[in-house]
Amino acid sequence: MRDADCVGFLQWALPHLHLRWPGFRKVRKQICKRVERRLRELGLPDAHAYRSFLEAHPKEWESLDSACRVTISRFYRDRRVFDYLGTELLPGLAELASSRDERSVRCWSVGCASGEEPYTMAILWELSVRPRFPHLQMHILATDVDPHLLDRAREACYPASSLRDVPPEWRSVAFDKAERGYRLRERFRQDVKLAQQDIRKEQPQEGFHLVLCRNLVFTYFDETLQGQVLDAMLTHLEPGGALVIGDRESLPQTVTRSLEPWNESLHIYRRRSAG
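All residue numbers for the sequence shown refer to the working numbering, where the first residue is 70 and numbers rise by one.
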């Protein structure tokens with residue numbers, strides 16, 4: 070499939086899924102390969118034929134939606150953000166939880182893919198924060214729509230490329246050398262709960278001190294869906310808690326007044342306290 074044909078197809082199709090073309094521009098080759106593979110499976114000659122097929126078979130939109138999932142992740146991705154989380158934000162949230170006589174800091178990793186982000190948080194807490202707050206635990210809920218990625222997260226075995234940003238001292242403490250790369254030690258997995266969930270349709274039941282929603286909602290979803298998902302997420306964010314989004318993302322213009330900047334340059338926001 071020619072790039073121009075795929076671009077034209079995606080610009081037509083993505084709005085039907087409440088997705089936005091600008092978010093997919095740089096990753097379109099990945100998506101186009103999947104679309105081309107789907108054309109072969111269906112025996113269709115080109116993108117125009119696939120468009121007609123989608124219009125005649127509404128169920129096929131689910132397959133296209135799956136093909137449009139972008140998974141780019143690694144441990145400690147965006148070093149400045151995680152450095153700040155370890156030195157400033159997590160200690161601040163630990164103080165908040167302690168002031169409320171809570172026994173844990175609760176974190177939600179939205180769109181966790183193969184687990185690199187929530188496991189980074191688990192390591193960061195254990196090695197950098199918990200020594201200062203030994204009475205507190207961190208409980209992490211990591212959700213993603215893709216069951217295959219969650220299976221990989223449960224296996225917790227990663228290639229060296231996934232660890233390229235990891236602080237050197239972490240590698241020997243948190244990982245064991247494995248046949249296919251590096252396996253995260255059980256100590257850093259035990260407080261991470263993995264669950265299949267589509268953020269567009271489902272929400273967890275509990276409240277959180279920290280919500281990580283990076284490089285998903287505010288990159289790929291259209292503005293209407295962004296607003297709907299953000300409002301839903303904020304119902305699970307404790308007053309005084311933090312929302313972290315991607316370093317190239319911005320909140321929708323219709324953002325609720327319940328948020329204020331915590332560290333605006335790092336795209337970290339705080340839920341205003343009630344009253």
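Check before you lean on any hint, since a few could be wrong.
Below 30 Å or equal to it, Euclidean Cα-Cα: the simulated DSSO-like pairs (lysine-lysine) are [what the hints assert, rightly or not]: (1) K270 <-> K128; (2) K270 <-> K102; (3) K128 <-> K102.
Label pairs and their calculated CB-CB ranges [said to hold, decoys possible]: (4) A118 <-> P237: 28 to 38 Å; (5) E333 <-> R103: 31 to 41 Å; (6) A73 <-> E131: 32 to 42 Å; (7) P200 <-> W90: 44 to 54 Å; (8) S319 <-> A247: 36 to 46 Å; (9) R254 <-> T304: 30 to 40 Å; (10) E275 <-> G161: 14 to 24 Å; (11) E124 <-> V76: 48 to 58 Å; (12) Q272 <-> E224: 25 to 35 Å.
No wet-lab data here; the hints were simulated from the structure. Idealized CB from N, CA, C, for every residue including glycine.
Practice task
Sort out which numbered hints this structure fails and list those numbers smallest first.
Solution key: 4, 6 and 11
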